[in-house]
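Q: Position chain H relative to chain V; hints supplied.
Number of protein chains: 2
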Amino acid sequence: MNIKNLIENNKYLEARKEIIKLNSVDIANFLEDDVNVDTMLILFRLLPKDMAADVFSYMSIDMQKYIIQSITDKEIKSIVDELFLDDAVDLLEEMPANIVKGVLKNTSKGRRDLINQFLNYEEYSAGSIMTIEFVNLRKEMTIKDALEYIKKVGLDKQTINTCYVIDKYRKLEGIISIRKLILNDENTLIKDIMKENYVYINTYDDQEYVASQFKKYDLTSMPVVDKEHRLVGIITIDDIVDIIDQENTEDFQKMAAMEPSENEYLKTGVFKLAKHRIIWLLILMISATFTGAIIRRFENTLQSVVILASFIPMLMDTGGNAGSQSSTLVIRGIALGEIELKDMLKVVWKEFRVSIIAGFTLAVVNFFRIYYIEKVQFLVAVTVCLSLFFTVVLAKMVGGMLPIIAKKLKLDPAIMASPLITTIVDAVALTVYFSLATFLLGI
Amino acid sequence: MNIKNLIENNKYLEARKEIIKLNSVDIANFLEDDVNVDTMLILFRLLPKDMAADVFSYMSIDMQKYIIQSITDKEIKSIVDELFLDDAVDLLEEMPANIVKGVLKNTSKGRRDLINQFLNYEEYSAGSIMTIEFVNLRKEMTIKDALEYIKKVGLDKQTINTCYVIDKYRKLEGIISIRKLILNDENTLIKDIMKENYVYINTYDDQEYVASQFKKYDLTSMPVVDKEHRLVGIITIDDIVDIIDQENTEDFQKMAAMEPSENEYLKTGVFKLAKHRIIWLLILMISATFTGAIIRRFENTLQSVVILASFIPMLMDTGGNAGSQSSTLVIRGIALGEIELKDMLKVVWKEFRVSIIAGFTLAVVNFFRIYYIEKVQFLVAVTVCLSLFFTVVLAKMVGGMLPIIAKKLKLDPAIMASPLITTIVDAVALTVYFSLATFLLGI
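Protein chains in written order, with full-length UniProt numbering: chain V, 1 to 443; chain H, 1 to 443.
Pulled out of the complex, with its shape left as it was, chain V reads as follows (with noise of 0.2 angstroms):
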């Protein structure tokens, strides 16, 4: 690559014209993947002071605090002055306590108080992820006067496309969007054409309920009030995306019988990831004690018949695969908003019928298998079939409730996954496979 073999022969400067001509994402990436620490210091250095702020808010959180560490008190000020709010504050969110305390003693008054109030707002909650660059205008401006403010203050704003109008004691009255202001007569009353019907959310609201209410309007940015309806910030549809991501993966980590955890997988320890794990291993693990109490009990079945234990296997994924199938279903239709609790019924009552087909037509293949093919015993096969067909029913309707249920109690759905299910499914399959092979068989 060009610019590798500039730095190559130490042509820093000339590198740097290079790499100034990439977008801030693709220098965050070059420096962090293609050169070693000490060149990627220098050339950082050697960035433009808006794109330094830039391309450090795309680096991961291990190459900011080493760079907070090797770099001068003046230049951590001039980034995390630089630095959108809510990107300065995430930052600060993941760095230890003594770094906090340097970079905000390098921070101007105002400034660190600001992030110091970011700071205090609950964890995923609305104001913790606001950003407070948002264009103010009063409902007594003409449109000139908006463009002029817009003018005047605008380059401070991460997004001007939408523009808030508040009263003298910042009260939220209605919102404008650019494209208004644009297309009307210069002479129009911002009153006369805001938009006083708007979707606003709360300093408090969850995360995950400020992304469900974007999808809902399809916005791509939101008010956020206080408790008197004060207008405290705003919400860009950029950083719901990744909030998106980041509960899509909490659900899939929940849904395999992990705690949920935000680290990327490569950048995570060996003994943070067990510890995430190891916990409900040992709850599953402790479950399934029941089920090998269930096969305990009737050993002088399996005694007397020991091929029925050359089935337990298939039955046992069989009904977990089933199960989790619904599971999966519901509680991503819980997520989705598309399944609310009032709907228990009507999806118990699909999935009794999809089970019905789905179990039938398993116990079919697998009969003519085992019996014709595999030639077991007539009544052994139909004791296998019978106990395939009610354990998927089975299993279809656990999975299928076991979520709505979690939701009522206001659980994580997302825990009633696949493998709390299986190990449910597991005991009952089990118990109904030796009760019929003991009255079929006459054990």
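Take these hints with a grain of salt, some might be off.
For identical chains, the list gives no copy identity; a pair is met inside one copy or between any two copies.
[As the list claims (entries may be wrong)] Under the rule of at most 20 angstroms between Cα atoms (straight-line distance), these lysine to aspartate or glutamate pairs were calculated in the EDC-like manner:
no., residue 1, residue 2
1, Lys151, Glu186
2, Lys272, Glu338
3, Lys275, Glu140
4, Lys407, Glu259
Read the hints as simulated data drawn from the structure, not as lab findings.
A: Coordinates of chain H only, in the frame set by chain V:
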């Protein structure tokens, strides 16, 4: 509710007055969920023309079909003409052929050609999700010219927050944000402030790739170009949010061994639901045959020490859970672009170390439980716990590797999830278990 009372007293015009104060999304929900279809149709026809199209675009496919079949050709034309082009195309993609024909018949010629062109882009490609409502400028324009031009054409455009600079062959030369137009002097030439180093996509790019570019570069819109780099459309982030949800839903479904489907659970028929589930259940059921065969091979071992059977569920479940934890993290890491093919060895080494910790902890707890509390014979307890340890290590290695191997083979990593991992791990776990038992217990 007030509106409902007005409707019950047949005061439709007064109800209309209240309804049009609401957000289009809420109107759509109200009409769909809170009134019967006849009232819905009356109220819908009372809506102002542009609002009707907007409300229509937020309704479910079934309701849209019902409305299209119940209103006059003229009303259809007015709705289809008012809809944003991408919404109109989405609508037609979901409708049966006879309705599509009826709708197109009632659409103006130019729009019909455009719709047909859009319907030709491959499903899930950038072309199929883009919109053509954008503002295009010329680089010789001044900001003043540009703003005047926007004022003239801007009302029809879905977003004017970013404008696109094209040459006379429609080739894309640069992009410029409305923010820059407002903040700069009105005599500035577009070419002096436009951004020439922009991110773009091709019509044939897959929507998943498009979404990843949006996330990577924190964008709110992106230009779509054809093979000659001519600007043919734009994609806005509100559509990307839907795609992210859609892609995640697909992963959730595949990971629970289902064929993916875009349809809402409650709105999908029982047979369709069953169809999407049965094939994988069958494949996995038949794969479990191998596990059964392993048990049958060790029938003698089992007959001598029947208690061994009672630990099969615990071993299988723990192995399955341990494996799906690893595969879920790796699948998710690949989906988010955090894990790449070249990270294979890093992942395996990490999983190896995590599995040693997890396997050891589980084995120790389990030994304590079954030897000291359940008073199982010493050598049986050793067999069970050693098997448990090896099973966890093996499950995590398999779970960590298979998704990356799938990716290497150009398969979707999401199929290497819990169900398949469990089936594979079961077979190996039971082989280890019975081999160890035969050896240690001297059977």
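Q: Does each hint hold? Answer for all of them.
A: Hint check results:
1. Lys151 x Glu186: both (15 angstroms within a copy, 12 angstroms between copies)
2. Lys272 x Glu338: between (35 angstroms within a copy, 18 angstroms between copies)
3. Lys275 x Glu140: neither (59 angstroms within a copy, 61 angstroms between copies)
4. Lys407 x Glu259: The answer is within: 18 angstroms in one copy meets 20 angstroms, while 26 angstroms across copies does not.
Of the numbered hints listed earlier, the single one contradicted by the structure is hint 3.
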